[in-house]
Structures are given as structure tokens and as C-alpha cells.
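K.L.:
Residue numbers (UniProt numbering), protein chains in the order written: chain Z, 1 to 492; chain U, 1 to 492.
Hints in this document: simulated from the structure, not taken from any laboratory.
In this text, a Cβ means the ideal position worked out from N, Cα and C, and glycines have one as well.
Not one of these hints is a red herring.
Partial chain U-side listing against chain Z, Cβ under 7 Å, derived:
| hint | residue |
| --- | --- |
| 1 | Val148 |
| 2 | Gln150 |
| 3 | His310 |
| 4 | Leu449 |
| 5 | Ser451 |
| 6 | Trp452 |
| 7 | Tyr454 |
If you want the building blocks of each chain, they are given just below.
2 protein chains.
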Amino acid sequence: MVLRRTPSVFGPHGVSALARRAYSQATTGGPSTSRARATRATLVFAGAALTTSGLLAWRLREPGHQSSVACEPVQRSSSSVKAAPQIAHLDEAVIHDVSAPMRTRMETYVKLLQNRIVTALSKEETGDAGFRIDQWQRKEGGEGISCVLQDGQTFEKAGVNISIVHGKLPPRAIQQMSADHAGLMEKIGDELDTSGKAGGGMPFYATGLSLVVHPRNPYAPTVHFNYRYFELTHPPTLPDGSPNPRYDEKDPLKPVAWWFGGGTDLTPVYLFPSDARHFHGVLKETCDRNDGHFYPTWKKWCDSYFWIPHRGESRGVGGIFFDDLTIGHGEEQGAKSTLTDAIRGGATGEKVPLKDGTKGGKTIESELPQTRETLFTTVRSLGDAFIPAYLPILQSRKAMPYGEREQAWQRIRRGRYVEFNLVYDRGTKFGLQTPGARMESILMSLPLLASWEYGHSYSATNMDMPPEEDDDEEGRRERETMNVLRKAREWV
Amino acid sequence: MVLRRTPSVFGPHGVSALARRAYSQATTGGPSTSRARATRATLVFAGAALTTSGLLAWRLREPGHQSSVACEPVQRSSSSVKAAPQIAHLDEAVIHDVSAPMRTRMETYVKLLQNRIVTALSKEETGDAGFRIDQWQRKEGGEGISCVLQDGQTFEKAGVNISIVHGKLPPRAIQQMSADHAGLMEKIGDELDTSGKAGGGMPFYATGLSLVVHPRNPYAPTVHFNYRYFELTHPPTLPDGSPNPRYDEKDPLKPVAWWFGGGTDLTPVYLFPSDARHFHGVLKETCDRNDGHFYPTWKKWCDSYFWIPHRGESRGVGGIFFDDLTIGHGEEQGAKSTLTDAIRGGATGEKVPLKDGTKGGKTIESELPQTRETLFTTVRSLGDAFIPAYLPILQSRKAMPYGEREQAWQRIRRGRYVEFNLVYDRGTKFGLQTPGARMESILMSLPLLASWEYGHSYSATNMDMPPEEDDDEEGRRERETMNVLRKAREWV
Numbered sequence: 001m002v003l004r005r006t007p008s009v010f011g012p013h014g015v016s017a018l019a020r021r022a023y024s025q026a027t028t029g030g031p032s033t034s035r036a037r038a039t040r041a042t043l044v045f046a047g048a049a050l051t052t053s054g055l056l057a058w059r060l061r062e063p064g065h066q067s068s069v070a071c072e073p074v075q076r077s078s079s080s081v082k083a084a085p086q087i088a089h090l091d092e093a094v095i096h097d098v099s100a101p102m103r104t105r106m107e108t109y110v111k112l113l114q115n116r117i118v119t120a121l122s123k124e125e126t127g128d129a130g131f132r133i134d135q136w137q138r139k140e141g142g143e144g145i146s147c148v149l150q151d152g153q154t155f156e157k158a159g160v161n162i163s164i165v166h167g168k169l170p171p172r173a174i175q176q177m178s179a180d181h182a183g184l185m186e187k188i189g190d191e192l193d194t195s196g197k198a199g200g201g202m203p204f205y206a207t208g209l210s211l212v213v214h215p216r217n218p219y220a221p222t223v224h225f226n227y228r229y230f231e232l233t234h235p236p237t238l239p240d241g242s243p244n245p246r247y248d249e250k251d252p253l254k255p256v257a258w259w260f261g262g263g264t265d266l267t268p269v270y271l272f273p274s275d276a277r278h279f280h281g282v283l284k285e286t287c288d289r290n291d292g293h294f295y296p297t298w299k300k301w302c303d304s305y306f307w308i309p310h311r312g313e314s315r316g317v318g319g320i321f322f323d324d325l326t327i328g329h330g331e332e333q334g335a336k337s338t339l340t341d342a343i344r345g346g347a348t349g350e351k352v353p354l355k356d357g358t359k360g361g362k363t364i365e366s367e368l369p370q371t372r373e374t375l376f377t378t379v380r381s382l383g384d385a386f387i388p389a390y391l392p393i394l395q396s397r398k399a400m401p402y403g404e405r406e407q408a409w410q411r412i413r414r415g416r417y418v419e420f421n422l423v424y425d426r427g428t429k430f431g432l433q434t435p436g437a438r439m440e441s442i443l444m445s446l447p448l449l450a451s452w453e454y455g456h457s458y459s460a461t462n463m464d465m466p467p468e469e470d471d472d473e474e475g476r477r478e479r480e481t482m483n484v485l486r487k488a489r490e491w492v
Numbered sequence: 001m002v003l004r005r006t007p008s009v010f011g012p013h014g015v016s017a018l019a020r021r022a023y024s025q026a027t028t029g030g031p032s033t034s035r036a037r038a039t040r041a042t043l044v045f046a047g048a049a050l051t052t053s054g055l056l057a058w059r060l061r062e063p064g065h066q067s068s069v070a071c072e073p074v075q076r077s078s079s080s081v082k083a084a085p086q087i088a089h090l091d092e093a094v095i096h097d098v099s100a101p102m103r104t105r106m107e108t109y110v111k112l113l114q115n116r117i118v119t120a121l122s123k124e125e126t127g128d129a130g131f132r133i134d135q136w137q138r139k140e141g142g143e144g145i146s147c148v149l150q151d152g153q154t155f156e157k158a159g160v161n162i163s164i165v166h167g168k169l170p171p172r173a174i175q176q177m178s179a180d181h182a183g184l185m186e187k188i189g190d191e192l193d194t195s196g197k198a199g200g201g202m203p204f205y206a207t208g209l210s211l212v213v214h215p216r217n218p219y220a221p222t223v224h225f226n227y228r229y230f231e232l233t234h235p236p237t238l239p240d241g242s243p244n245p246r247y248d249e250k251d252p253l254k255p256v257a258w259w260f261g262g263g264t265d266l267t268p269v270y271l272f273p274s275d276a277r278h279f280h281g282v283l284k285e286t287c288d289r290n291d292g293h294f295y296p297t298w299k300k301w302c303d304s305y306f307w308i309p310h311r312g313e314s315r316g317v318g319g320i321f322f323d324d325l326t327i328g329h330g331e332e333q334g335a336k337s338t339l340t341d342a343i344r345g346g347a348t349g350e351k352v353p354l355k356d357g358t359k360g361g362k363t364i365e366s367e368l369p370q371t372r373e374t375l376f377t378t379v380r381s382l383g384d385a386f387i388p389a390y391l392p393i394l395q396s397r398k399a400m401p402y403g404e405r406e407q408a409w410q411r412i413r414r415g416r417y418v419e420f421n422l423v424y425d426r427g428t429k430f431g432l433q434t435p436g437a438r439m440e441s442i443l444m445s446l447p448l449l450a451s452w453e454y455g456h457s458y459s460a461t462n463m464d465m466p467p468e469e470d471d472d473e474e475g476r477r478e479r480e481t482m483n484v485l486r487k488a489r490e491w492v
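The shape of chain Z in the complex, shown without the other chains:
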């Protein structure tokens, strides 16, 4: 992986040696908060601005990749300039062009959405911090743009990442995947090279946008979303080296299988039921516009996915979660023209199976016939729903007064977030096991600060709790939050 990066926005490593020493001398006193530290770093940086031109030149450079994006380094010395990834070279119309490859359409969509969200979040940051924009390339195939705002006044950490990854997917990864994806191995037939002779595996392509926002204010909830598109395509040759009859030179990207996945969920530090209702309300309304069966099924999947078994509690108040959203299970095993029609959106569509993600959970059918076009529309409308679902909550909470006790509780709750992501989250685990993956982008979901206090009153499911009448106001709110996280509930 080749990485071009801008200097760190707040650590001492983004400034010159001179500024670092000044910074270091200024900070050898007693301990203070990370916030104070950042402020000091910013001041030192501004003072050393003239000496840092060398480092600022160490900016993003794009070594000639096909889908090249030029990026501006974040302007750090002024609060009025907030950068977002450049989008001038992108053609929005391609998103709606049914004759264009889906990968290009989804790629364009996530890049534009990233720009839109980075711009919107930047406006909420009341301090000097801006998004740092890192563009990276994966040696094995692919690229990404990570935009992270860290240690700001509104945001403790906000990461908005896109990635476009392709190459050969190892046989084991495909075989693991097939457990989740009905009929995948049947679709693949004899095309999968498990011998490892020709490098093994099958051509794949994945693109998506991942976002995690940890606000500074303990009353403002953490939010996460991820929407992605995945394709497996035909290799030109079969494992024995003979030409693959299913490979079409004129349409080399015709997929063996393709699917959408994604979800959005909210993690409060202190629960405000009205926030949960608003968030779920926007998601439900968005889903319902596309299919009446989407929200109830995907809401259930979300509750089951974000469960932390060892704590007996949920990561948050959920939202929606889905995977394996595709059509044409029947056709793809047989008549290819039907598959192509369905893929191109030319078919009238069919009802698709919807899983709720629970073990032994039943699969229901969509209410309406779906095509790849309507599913893509659904995913886009959910991506678009992030701003109306989350920003009003952030805006109403980000300036609420809070004290040290709320910060302490926030750090405890952040610790749970770390536990879920490192122990259970499939995406994180997959990323950690992927050679050449960019760890910084995968682990940007982890909070700036997390705490594990032994014997915290609300930290163990089997622990005696102090009598309710002993609760003060903060204790009551902590208890109410945790009680809600112990059992999923309907919000709308």
C-alpha cells in the first residue's frame, strides 16, 4: 500500500522539529486534558507556520491510478476553510445511467456522498479542526480516500472513508462467504480455482462508504454507517487453464454474483428516546418508500448484529442492517439472458428474499418486485438519509452543557464500542486479517478515548446493582440507557 499523507492535525508529529521542541517544552508540566493539548498544539503550529512549508509539500500525490482524485491538504491554520475531497472530475449523471457498469455508478455515488457528508460535518465543527484527507492505494488492487476530523470541539473523531478494492479473492474467503450467501457456490460452479495454481480465487470488486462519528459532547450519540456493493466476476480461464466458456470478452465485468450490503446504527452515551425515534423514523420512512418489508426485517437484523454477548447488552439503539441484497437467485443458475436483463434493470423484477440475520430466523419476501435498479435506488436513498437522520440530533445535543462525570461515562461507553468492534464486528475482523489493508482506515472507528473502570456499577450483567433509590440524576440516566440496551425495542 502506498500512502501519501498530510501532516497530523493535532499531534506533535505534524509540525517541524523546531515547533515540536517548543511544543514539547510547553507541555512538560502537569497533566491536562487532551483537548487542552490539542489547542496548544494548534497554537504552536500557527506560530511555526512559516517553517512547515516542507511538510505541507509532503501532501497528497496520486501516482497515476486510473480513477485518480486530486486532493487538497486540509487547511489547518484557519477555521474558515474546511476541505472536502475534490469531486469536480466526477460525472453525477453516470449514477442514473443504466447502461453504465454498476461498479462505476456505485463508485461515483459513494464519492459524491463522501464529499457531501464531509462538507456537512465540517459545518458542525465549531473549533479549528478540519478533516484530514488521506488518499491511499492498495498494492493488490484498489484505492481509497479516508477523511478524518479528530480532536475537534464538536467531534472527538469523525471518519468518512470510501474504498474501492479489487483483485483476486482467496478461495477460503469465498467459501466462508458462501455460508452467508445462498447458492453462491452453485453460481460459481467450476470457476473457482482452489488449487492455488493460478494464484487461486476469483476476481472480485467491492466499493463502499464507511462512516463513524464520535461527537465530543456526551449527550450527542455516536453514529455509524456503511453501504457497499460487491461483485464476483468470471475468470478468463478455468482452474485447469482452459478458456472459461462463461467468460465474455465483450462484457468481461458481467458478474457471477453481486450484492449490496450495509446499515446505519446509533449508539447513545445517554439515551434520549426522542433521538432514537427520530433516527429510526427517518430510516423507516426511507425504507418504506422502497419496500414495506425492508425496515422491519433489517431493523431486526441490526438488533441481532450489534449485540455484545459477553456484556448482555447491545452496542446501541440499532437502526438497520442488511447483507446479500441481490436478485435473480433462480435465473443466475440457469438462463443467462434473464440474468442479464435483471442485472441491467430491464426486467420487471421479482420479489427478493429478505433475511433478518437471526439464527434460524425466517426469510421473508420483499413486498414488491425488485430489480437491481430498485435495490440500487434503495441503497442510495439510505445513504442520502444519513444527513437528515443524524444531523438534527447532533445539532440539538452538541452544545448541551456537561461535566466531568458525563465524560467519564462517555469513556466507559466508548470502551464498549471498542469491545464490539474488535471482538465481533465482521468488517473489522476481515480488515485485520487482510494483508495490505490500511489499518488506519479500518481502525478509525475506534474512539479517541476509551476507558475500562473495574467494577463500574453498570459494567457487568451479573453484578448486583445499587438500589434504584440511590440513583442521582446522572445515575438514573445511565441506568435508563443501559436498561434500554439490554433488550431491543421498537422505536417507531
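Please build the complex by placing chain U on the supplied structure of chain Z, with the hints as guidance.
P.N.:
Just chain U now, kept in the frame of chain Z:
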């Protein structure tokens, strides 16, 4: 699991409602450090001492378990009184009594060692914080004592836990275990109930001591150790319900298999090579007293075990690590009298296989013949070595002046500790998956504070590093530490 607990040593939840409100009112100002918070909590607690008698009465009670231990609640209002688990009821002589069951001998040893270490660490704490002592019971069989000192001046968090766990081990756990333990399934023969008819599994017993110390001072390294003894015993009946011919009513605890495991390792925030040399020196000297092949083999296993693949770095500078330390592989499958002799220590011993834990690593033989007695002696001498290996390091580092930048780096390094423990540590993973396990005791290894800074200069293996000449003193020390963690080295 039944838990009797003392009030939290520093959170607001350990004090009365009145004191909580006072505390809450005192802390609704701006943010300050967790240390300041703890100090304030302590003061408030002292002021509210007369109103907390009801909560102090909510102390440890032992509901009549066989190996009952009465514990004192931690005295919090005075810095001069430091409590440790009571040991007056224990008979130290049993440790050396070769006719006593090994489980009783090991149990007595770890309880006495826990008391000794808690007492020694308490003396190093310069603030008011004392060890909180929690005694717990596991419904499924077993008990434990967790001693945790948190948010002190010397210690950010120090946990010294013992546990004694028994019951039936599920077939799947035994089968997984057998991959690591040569010949285990052969030893078990037809005794393992995989049908689940009689509850499944086999009787097991495990006892051990686990310790993690995270000092406050960033120059003082984190240390961890764990020593344990494990037994699988014969069930009275075979899976088909018939009497088990290998079960001996007169000696029902005669093991099918038994082994010791354990290790000790050091994790510096800033590396002092002299600390690593001292630590390894004490471990090597201790190992060498018992067998010349122990240290080199177990040092290698430790380096391989504490590797963090996704970071391309080690958790720390290692130490020793071993598992499956047993004798009599041959005899146990055949002549029982020989097994019994070996177990009782009456045999002259035999050279035992020593694994170095690396994949495809070769197994070497111990230099000297070993018996269960000599292996137990080895484990005890390693447990005893903790204080001379670690305390001099802590004493020389705990009062070194440091600033905010060192604290920030400490939090980053703590984050790596969290990553290792949650993603890779077998003990933690096993604990998280065990129903009825006490999460607080398992997760006491996690630090009070951890941080994940996106794009920290030393945080990604594939990241460009700033030019060396830009390093200031702190940067140089961070770099040197990380360079050492990227490749295991010999310290003695």
C-alpha cells in the same frame, strides 16, 4: 455467578446518594483529568463516611463454600491501611506435601502468592487508593478472588486475580484443546461423552493466578503474568451409562491428564533496555535453576504469542510463555502405576518435550529429567520471581517526571494492549465465550484509559515515517521503542 462486593473505590457509585449528589454538584464544571476526579471523589467519600455505614455493610460475604475465605473490605478513608486477602486459614506446608492432591497444593500456593503480591504492590502505592477485594462464586462450579487497585498515584490499574474453576468441560472445548495437547484424545479414550446425554464433557479443574499492572507513570512498564494448573479427571460412568473401569473410588481425583501453563511479559511505553535486561535476566536465572532449556524455548514462545499481526509489532519486550507442561505422555496411555509414580513425584523422572509455540517449530527435550514435583517447583519459582523481576523496575520509574506528551503516548500504547487482548489473547477470548464467567475479572487487564489517534506517526506499519532528523527527544524515544517492538531480540 454470585457476587458480593464492596463499593467502588473511586466512582460516584460507591458512595451514598447524598455524597453522590455533592460529588455531582462539585463536578459539573469544566473537564479535568480522571486523576483530579478521583481525588475529588475520595475527599467527598471521606466527608460522607458517617452516612455510608449501610454500604460498607454490603461487604464480602461467603455463603458457605467449601474453600471459604473471609475477606476484609478495603479501607478507603486512610492511606495507612492497605488490605490484602486473608490467608490465616491457609496451611503453607501443604504446598510441599507430596501426598496432598496437586490441586490443593497449587490452590494454596496461588492464594499465598496473591496475598504476597497485593501486599508488595500496596506498599508502592503512594496515594490513598487501596486494593478492592471481590470474592465471587461461579454457579457452574468454582470461586475466585479479584484484587484491583484502580486510579491510584502509582497504579493506573493493578489487578491480581486468582480463580479455581471446576465442573464439566464441554466436548468441543476438549476437542479444541487436544489440537494443542499432544495425545490428549488418546489419553481420554472412550471416556469423553460427546453425546450430551449425561451433560456431555469430562470433569475438569483449573486454578491459577493472573496479574496485570498498568502503572500511572509512562516510564514504568506494564507487566502481566499468569500461572495455572489444569486437570481432566475420570468420570464415574462411561457415556453409555456403564461404570467406568478407569475411575477409582478411592482416588477419584486421579487425573486423565494434567498440565501447567503460564508466562510473564513486560510491555514498556518507553523502552529502557536496562529494564528489559533486568526482567529477562531474572526470568532466565529462575528458569536456568530448574532446566537450562526452559528459558530459550519459552522466551521464543512468548515472542511469538504476543505478536500483533495487524500492526506488525509485538505487544512488548516479551518474557516467557509456556503451556502443556506435563510428563508421562508415554506412561499415561499404558501402565497406570508408572503414571501414578510420575504424578506423585516418586519416579526418577524423564526428559519432557518442550515446545517453542511457533508454527512448525521444533519440540526439544528438557535438559534434565523432570517429575511433576520439579515442574511444580519450576512454576512456583517463576511465580516467586515476579516481585524481584518487576518491583525494582517500578521503583526506579514510578517517580520520574513526565508530561502530557508522555501521557498521550502511553494512551496510544495502551490502545495496542487493548487490541492484543481483545483480538488475539486466547485467555480473554476463552473467557468472553464462557457462560457464567466474571467479565469484570477477565477484562480487568484492560487499561483505565486508552486512545486511538488516527494517523499517529508510529501507528501504522505501512505508514511513511517522518524523517529521523525531525525527531525530538520524545519522538526519538517513541521511535526507538517501536523499532524494538517490530523485531524480537535477545536481552540476556
